[in-house]
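**Student:** The listed protein sequences correspond, in order, to chains A and B.
Under UniProt numbering, the first residue of the first sequence carries the number 1, and numbering increases by one thereafter.
Under UniProt numbering, the first residue of the second sequence carries the number 1, and numbering increases by one thereafter.
These are calculated hints, taken from the structure and not from any lab test.
Watch out, some of these pointers could steer you wrong.
Straight-line Cα separation of at most 16 Å, EDC-like style, residue types lysine to aspartate or glutamate; simulated pairs [unchecked claim]:
| id | chain 1 | residue 1 | chain 2 | residue 2 |
| --- | --- | --- | --- | --- |
| 1 | A | Lys35 | A | Glu136 |
| 2 | A | Lys47 | A | Glu136 |
| 3 | A | Lys35 | A | Glu70 |
| 4 | B | Lys47 | B | Glu136 |
| 5 | B | Lys35 | B | Glu73 |
| 6 | A | Lys35 | B | Glu157 |
| 7 | A | Lys47 | A | Glu126 |
| 8 | A | Lys47 | A | Asp173 |
| 9 | B | Lys35 | A | Glu137 |
| 10 | A | Lys35 | B | Glu32 |
| 11 | B | Lys47 | B | Glu137 |
| 12 | B | Lys35 | B | Glu85 |
| 13 | A | Lys35 | A | Glu73 |
| 14 | B | Lys47 | B | Glu126 |
| 15 | B | Lys35 | A | Glu70 |
| 16 | B | Lys35 | A | Glu32 |
| 17 | B | Lys47 | B | Asp160 |
| 18 | A | Lys35 | B | Asp160 |
Protein chains: 2
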Amino acid sequence: MSSDPARFIRRTPPGEDRERLTCGECGYIAYENPKIVVGSVVGVDGKVLLCRRAIEPRRGFWTIPAGYMELGETVEEGARREALEEACAELRLDGVLAVYSIARIGQVQILFRAGLATPGFAAGPESLEVRLFAWEEIPWDDLAFPSVHWVLQAWREAGDAPLGAPRGNPAGDLRGTTPLKAAAL
Amino acid sequence: MSSDPARFIRRTPPGEDRERLTCGECGYIAYENPKIVVGSVVGVDGKVLLCRRAIEPRRGFWTIPAGYMELGETVEEGARREALEEACAELRLDGVLAVYSIARIGQVQILFRAGLATPGFAAGPESLEVRLFAWEEIPWDDLAFPSVHWVLQAWREAGDAPLGAPRGNPAGDLRGTTPLKAAAL
Ligand SMILES: [Zn+2]
Ligand SMILES: [Zn+2]
Numbered sequence: 001m002s003s004d005p006a007r008f009i010r011r012t013p014p015g016e017d018r019e020r021l022t023c024g025e026c027g028y029i030a031y032e033n034p035k036i037v038v039g040s041v042v043g044v045d046g047k048v049l050l051c052r053r054a055i056e057p058r059r060g061f062w063t064i065p066a067g068y069m070e071l072g073e074t075v076e077e078g079a080r081r082e083a084l085e086e087a088c089a090e091l092r093l094d095g096v097l098a099v100y101s102i103a104r105i106g107q108v109q110i111l112f113r114a115g116l117a118t119p120g121f122a123a124g125p126e127s128l129e130v131r132l133f134a135w136e137e138i139p140w141d142d143l144a145f146p147s148v149h150w151v152l153q154a155w156r157e158a159g160d161a162p163l164g165a166p167r168g169n170p171a172g173d174l175r176g177t178t179p180l181k182a183a184a185l
Numbered sequence: 001m002s003s004d005p006a007r008f009i010r011r012t013p014p015g016e017d018r019e020r021l022t023c024g025e026c027g028y029i030a031y032e033n034p035k036i037v038v039g040s041v042v043g044v045d046g047k048v049l050l051c052r053r054a055i056e057p058r059r060g061f062w063t064i065p066a067g068y069m070e071l072g073e074t075v076e077e078g079a080r081r082e083a084l085e086e087a088c089a090e091l092r093l094d095g096v097l098a099v100y101s102i103a104r105i106g107q108v109q110i111l112f113r114a115g116l117a118t119p120g121f122a123a124g125p126e127s128l129e130v131r132l133f134a135w136e137e138i139p140w141d142d143l144a145f146p147s148v149h150w151v152l153q154a155w156r157e158a159g160d161a162p163l164g165a166p167r168g169n170p171a172g173d174l175r176g177t178t179p180l181k182a183a184a185l
């Protein structure tokens with residue numbers, strides 16, 4: 001198999017019922033699975049912790065601590081690892097606040113409601129800046145992704161009450177297919 | 001890249017902080033991501049719908065309708081597709097009942113509470129048999145996977161009440177690392 005994606009072609013392997021990305025050179029089948037993003041809305045005294053991204057995509061924009069789950073960890077471990085990496089923050093997870101599907105890019109986001117397990121946070125290597133925002137201070141026009149907008153709204157609506165079933169995608173984008181630039185941020 | 005896994009070696013790519021499975025021939029990096037299983041506990045008049053597996057692993061054992069999420073669909077679409085494939089059942093999803101991590105095999109399971117959207121079900125090609133079980137009829141010794149046991153307990157505990165935050169792994173197997181044969185079934 002080549003690492004050159006141009007050498008991959010779509011074809012239906014024997015015994016399967018859909019096309020798979022297959023290497024035209026050696027026949028290797030690259031099963032394309034949805035990827036899992038794990039992250040947390042971290043509340044501290046009613047404020048929310050946001051990180052300004054030091055990396056692409058969306059460098060300079062604000063997001064919650066979140067990233068791709070690694071093999072061998074649990075969703076909870078992944079969410080805590082991301083907060084440690086991006087915000088040097090140790091989290092206490094409260095439960096799953098939202099499960100979003102971003103079908104456009106094959107992503108599932110499992111997002112927790114969390115607090116700090118120990119005081120303190122700081123910008124990790126993937127963040128330019130980490131700070132707490134009161135609700136009315138949130139930089140809505142400078143959020144990195146539509147789902148950050150969605151989950152902050154879900155967090156606000158949940159308040160301090162016990163969590164219900166996780167929120168799903170908003171009615172306006174049930175499949176997560178709105179292009180990034182057209183998405184209401 | 002070869003499709004022969006023996007040609008893959010573990011090494012740390014430039015700029016990364018962990019080992020990745022890399023093709024010894026061409027350098028292709030096979031990012032190993034956790035895979036998402038989507039499924040549903042389908043309740044019908046207080047009974048639960050189970051499928052007897054026609055395929056390996058665990059052929060002949062009972063499970064809920066569930067399977068790997070495909071790229072391009074949402075978690076809800078995936079859960080409904082699996083029920084259609086395995087039980088010819090059209091579901092009405094009620095919400096996420098449980099999110100389990102099976103770290104041993106790199107799996108995350110997103111499992112819904114559901115009912116039938118339209119009456120009727122039947123064994124699909126991946127099932128030997130599909131039937132409804134009253135709680136006291138559930139074949140606990142013949143369930144296919146530990147998580148089927150877990151989620152049926154969660155479903156029973158939730159009853160007909162509004163769902164709370166999704167259940168996670170049970171305290172006895174927080175990371176989902178108990179080998180299948182040792183797991184309490
Ligand atoms: Zn190849
Ligand atoms: Zn190769």
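**Student:** Each of the hints needs a verdict: does it hold here or not?
**Tutor:** The hints, checked one at a time:
no., hint, in the structure
1, Lys35(A) to Glu136(A), "violated, 32 Å"
2, Lys47(A) to Glu136(A), "holds, 10 Å"
3, Lys35(A) to Glu70(A), "holds, 10 Å"
4, Lys47(B) to Glu136(B), "holds, 10 Å"
5, Lys35(B) to Glu73(B), "holds, 14 Å"
6, Lys35(A) to Glu157(B), "violated, 30 Å"
7, Lys47(A) to Glu126(A), "violated, 22 Å"
8, Lys47(A) to Asp173(A), "violated, 27 Å"
9, Lys35(B) to Glu137(A), "violated, 37 Å"
10, Lys35(A) to Glu32(B), "holds, 10 Å"
11, Lys47(B) to Glu137(B), "holds, 9 Å"
12, Lys35(B) to Glu85(B), "violated, 19 Å"
13, Lys35(A) to Glu73(A), "holds, 14 Å"
14, Lys47(B) to Glu126(B), "violated, 22 Å"
15, Lys35(B) to Glu70(A), "holds, 10 Å"
16, Lys35(B) to Glu32(A), "holds, 10 Å"
17, Lys47(B) to Asp160(B), "holds, 12 Å"
18, Lys35(A) to Asp160(B), "violated, 32 Å"
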